[in-house]
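Chemist: Spelled out from the first residue to the last, the chains are:
Protein chains: 4
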Amino acid sequence: MTIESTGKTGHAGAIRLGMVGGGQGAFIGGVHRIASRIDGDYQLVAGALSSDAERSKASGAELGLAPERCYADFDEMAQAEAARADGIEAVAIVTPNHMHFPVAKAFLEAGIHVICDKPLTSTLKDAEALAEVAGDAGRLFVLTHNYSGYPMIRQAREMVQSGTLGAIRLVQMEYVQDWLTEDLESSGQKQASWRTDPARSGAGGCIGDIGTHAYQLGGFVSGLKTDTVLADLTSFVPGRRVDDNVSVLLRFEGGAKGMLWASQVAPGNENGLSLRVYGDKGGLEWHQEQPNHLWYTPFGEPKRLITRGGSGATPAAERVTRVPAGHPEGYLEGFATIYREAAEAIRAARTGASVSKDVQFPGIADGLSGMRFIDACIRSSNEGAVWTKV
Amino acid sequence: MTIESTGKTGHAGAIRLGMVGGGQGAFIGGVHRIASRIDGDYQLVAGALSSDAERSKASGAELGLAPERCYADFDEMAQAEAARADGIEAVAIVTPNHMHFPVAKAFLEAGIHVICDKPLTSTLKDAEALAEVAGDAGRLFVLTHNYSGYPMIRQAREMVQSGTLGAIRLVQMEYVQDWLTEDLESSGQKQASWRTDPARSGAGGCIGDIGTHAYQLGGFVSGLKTDTVLADLTSFVPGRRVDDNVSVLLRFEGGAKGMLWASQVAPGNENGLSLRVYGDKGGLEWHQEQPNHLWYTPFGEPKRLITRGGSGATPAAERVTRVPAGHPEGYLEGFATIYREAAEAIRAARTGASVSKDVQFPGIADGLSGMRFIDACIRSSNEGAVWTKV
Amino acid sequence: MTIESTGKTGHAGAIRLGMVGGGQGAFIGGVHRIASRIDGDYQLVAGALSSDAERSKASGAELGLAPERCYADFDEMAQAEAARADGIEAVAIVTPNHMHFPVAKAFLEAGIHVICDKPLTSTLKDAEALAEVAGDAGRLFVLTHNYSGYPMIRQAREMVQSGTLGAIRLVQMEYVQDWLTEDLESSGQKQASWRTDPARSGAGGCIGDIGTHAYQLGGFVSGLKTDTVLADLTSFVPGRRVDDNVSVLLRFEGGAKGMLWASQVAPGNENGLSLRVYGDKGGLEWHQEQPNHLWYTPFGEPKRLITRGGSGATPAAERVTRVPAGHPEGYLEGFATIYREAAEAIRAARTGASVSKDVQFPGIADGLSGMRFIDACIRSSNEGAVWTKV
Amino acid sequence: MTIESTGKTGHAGAIRLGMVGGGQGAFIGGVHRIASRIDGDYQLVAGALSSDAERSKASGAELGLAPERCYADFDEMAQAEAARADGIEAVAIVTPNHMHFPVAKAFLEAGIHVICDKPLTSTLKDAEALAEVAGDAGRLFVLTHNYSGYPMIRQAREMVQSGTLGAIRLVQMEYVQDWLTEDLESSGQKQASWRTDPARSGAGGCIGDIGTHAYQLGGFVSGLKTDTVLADLTSFVPGRRVDDNVSVLLRFEGGAKGMLWASQVAPGNENGLSLRVYGDKGGLEWHQEQPNHLWYTPFGEPKRLITRGGSGATPAAERVTRVPAGHPEGYLEGFATIYREAAEAIRAARTGASVSKDVQFPGIADGLSGMRFIDACIRSSNEGAVWTKV
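Residue numbers (our numbering), protein chains in the order written: chain X, 1 to 390; chain H, 1 to 390; chain F, 1 to 390; chain V, 1 to 390.
Only chain X is shown next, with the shape it has when bound in the complex:
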């Protein structure tokens, strides 16, 4: 267990961070900022927090940014920061989805590491183009599939890899919410507006916003590659322009099967992300709303409750655990772990040192995989819910 990141922290050694998006009234930008602060690895020093110059400055002032480093234009920011001796080393991209591609491209090409919110882009075409840019850039690309930062998810993955569950047969994934049960987007609510607008969010609604999280988690833990999917996408709320409920069957390479249910119209569910993985020797269950608990059943024995920081925790979980068992860590700590892992890689990149293979964060390949999943699900559904190659 480590209370804090063990590398150089404090302001001397902190990584200089910029941010695009996340101005006043935004949500996920604040989450990224807290995540970047928790372990003391970063210092936010520049931002294009809004494309409106006044708003960008005002937002930056609240966060203590120097006025000259509050940009209105991300391109200008990339150039200006790349040119400074004390310029940012990494940028966090927290805009709506359709801006991920141009912003990430600009910073990667300016030689600046990118930490980008998910999904990767709003279209598969953009994703493929970004993958090419990222491949050439020689800079880090970190995608904040934050749920893979939870210690018990790290442990679940490690248990699968070490063969504790035997050969994996089944992966059951869910991400269930209720906040779009009614036509919230017509009320002008900011989150609902852009997330249900195909121009800003991409063709996928629920499938892109939360389905990809569940899909990423299933793949991260099981280590399985998806072969084909069959998806039935529905827009239950009249007038909604994107799907708000998604049922997917999956067939993995090697014969394992899976189901994925994502919904934003199931009253009584807040962020019901859950994962159940079964092999021929045992099973695992995990629920995001109680993230410190991992249920493990060796076949033929009683179920065990493995707790973060507790006696059954494995090294992969311990490595990213901050406080003792019974003192819950939550969403922000899981998110911060992605930032902490990225910090280890960024510091290594300063000197060309190699990064421990224990360091884990989702990257461009995960982003591309997620976009291919969204694309295949939409194609499958459009053709009547038929089996479709990912």
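Keep in mind the hints are simulated off the structure, nothing from the lab.
None of the hints are false.
Residues from chain X that face chain V, not an exhaustive set, calculated with beta carbons under 8 Å:
| id | residue |
| --- | --- |
| 1 | Ile34 |
| 2 | Gly64 |
| 3 | Glu289 |
| 4 | Ala325 |
| 5 | Gly330 |
Just a sample of chain X residues kept apart from chain H, beta carbon distances all over 10 Å, derived:
| id | residue |
| --- | --- |
| 6 | Lys105 |
| 7 | Asp126 |
| 8 | Asp136 |
| 9 | Gln191 |
| 10 | Glu344 |
| 11 | Arg350 |
All residues carry an ideal CB built from backbone N, CA and C; glycine is no exception.
Go by the hints and put chains H, F and V onto chain X.
Modeler: Just chains H, F and V, lined up with the frame of chain X:
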């Protein structure tokens, strides 16, 4: 709340019951017997507990049956009992699935009410034939889809019917077990042997044994009619002759959607039957292993825990509740409720009286519907998991 | 696992049972009747269901009793039944507490086994007198502390006895309800009326009604003998004549400590009976509202969920388990287990055979112990909540 | 909901913070540092992280402190920092308990705000002396009873204050752990060593370390003043010099009653802090290991699950909520809320502005109250567990 059935009980008024199957070493026969005793409505007086004459007598003796009413042959039993002045009024059929049809036919044609374990038969053809027989017989046919006897399931149905959830959009069904994770049938275990033998169980394994329970429950509560299904059936255990894992997508008439997962190879699950139903005004969740709890969320308000016998219980739940809130009723009481409901109908049939419309038990139509579901799922899966009309 | 009692059942071998109390409108009588029927060991054939002759006859008729065996007077019943060749072998006493003593005395002295609801009597003096009678009678005295019939409670006791927890240090007991939060007795509600009336219930209210259950369970599982108690009894509801909330500290022989909280005025609690036992090697937790689960933690290892009928169940639990894991057994089955155990002893008494030491039921000693606990708590509280020898 | 503190953050406006204690190998220091960073209100700039000069420098370097602001002596630090124009505005004290008093005194007298870990001191005498110092100092004294920072605890308090529960009758408090089940202190484990050493921890072991947390929480939520307590303290582990298990009965002014159980020897419990509060109109339950859930039952209605950020949350909870419902906040966020509240008060103190009455943090009075509780419990127990005035 009623502690006991309110009709005539005790031995004078008790319904004279026979049983086919359920001899020494059997499982479900004992469950039916307890269920028949709990409310004092029945008295077991005859049986063809085994097709082996010695075993039938020995089994009957243990249960206090008169030797002359311990039959080896169900046909003989039907004739003999029909001819007695004090002959049985109803028979419980607790044999393997393939015997349901001939046995039920014999007793119905002898004028005796039938209480039959599920699924209805082992083939759709038998089911259709039995439906015809039952339609002509003028006798009651009760199918023990026992989970619909749980008070909170009755309440869930009532809440849907009264519009509490609004228009139903989603029905998520699960029945997950782990007892067939390994090749138990090769060990000679009696339950595993017949339930994985297509000749005795029918073409469906997991889909017929437990998938139908989940399906029946979803339909019972939601009131929805299934239009088409798409099923992916798998036999994970090498050598197994029937499916042990089932993933189904459902489309209901009127536009609602559903998913059904049934598995017998998911370590850590005992009898994980659960139901979640969501409408545009609220959601419900119920788990068979905690049957006294029903979770209800009116959209936009905190979730409520409704307990059997508690302050939020509706008349439909109260009607079949025996003991106060916080004193759990379980599987046997739920099962007994089917027997109690059947008793009300059987007593009414004695005199031709009408039965209250509150009395609810699954019958031949439910059995036929279940067989059509199994048949459609197997056809769908055999054709590569494609959409198939039920 | 046994589905049904394995001894002689059916009407030939069934034990002839009578009942005192439990007429129309009563509660616990119906529970006893169901409990007596579940395993098929008993047949109810006589009763003094009410002291009102008409009501007794009407109640008996509903239960199928012969009119001549519906008595208005328990003394007359004891004499008459003792004189019949087919007279009752055992009587169930389900009256208010103050009648337990005279009724039990009458039947014991008539040579009839007694199955009596708890607490033993309404005063310690009566209890001591009854203990003397029972000691002389040579008949069985069974006290329905029903919670000790739950399989996981049997297992908990066995685990303690076998040293799995090491030396016991702590026993934490609770029984929490809310039904008397308001002045229900003034409304004329039958249960509330007699249970808050010292003349019928005894000097203890909450302490006698439910505190004794928790106390019995703690002793049954831990095997510890109480040395001294300190009790703070409160009547929160204005005008209430007995305690409705009880806080007790306990010191056991040998140095273990305990706490017991019983309340009838804690909104949100139905029948919150729970037990936690800790030794120097491990801990156990059990909650009556989820009785099929026993949580066991070997110190330094993850917590295990042991389920009734599951892979971690011990022989003591298996012996009293009826249906497989994941099919919940509840309050009525636990209660029925006391009846089943009593049946084994009653049958053995027919022939003088010895009873297996596995057969467990609470008896006169437990009843006396409970009354001494009530008495000590009341004395302690009356003196200002001071340490008091039990 | 606010993602981040709304005041001036970033390095320009950040509060300059120092720390005493918390060097390499310590635990709670790291927690305080993370808590201070989460909302961006503080910047750590100086420390006496260890009384060993080398270790202090090395620990400071890891945290990015300037070498000249890494002190070995807290007195020297207080003087030096008070003399700097950019000196610290507040100091976090995270030493063992016996050092709280001298360190706090030194900084308060140097005009520096104090944020101090709990319990206040190691003796009641020190506590009273410190209270006097604090009263004279005109500087803020913040005690990190961190659990009162949880949003649902804020809501619980607000619900009690607004009369939702009616008149409070019962307050049941628990804080149960298992980490001292064996003689860990003899192994040299750092936390166990000082926490079981009366010279460093104070006369109370379990009562001081965790009992006070439960007591503070009970008082914070219920608003009740304790009149008398009766405590039974035990040291179960042979050789242990302080109590490791505590049973307390409480009588509050006005007639309410309470029980408090704190233990460090109950296997299977990690940080089992829980609170249940009952009034004549309703009840509340909260468990620290699932801190985002608050269970509320209006008497006579179904129980409600109120979630942090969800539809049932009150303004007091919303004020300290960072992320939406279903994304769990944990221990570190709750701790950070104390820091955030302190920051509001510290910023106000810069200008003499008044602080909103919504701002809540435990202070010197709470610390003194906790010490009086510890003292009364020890006196009570030493006299045989008798009623003792607090």
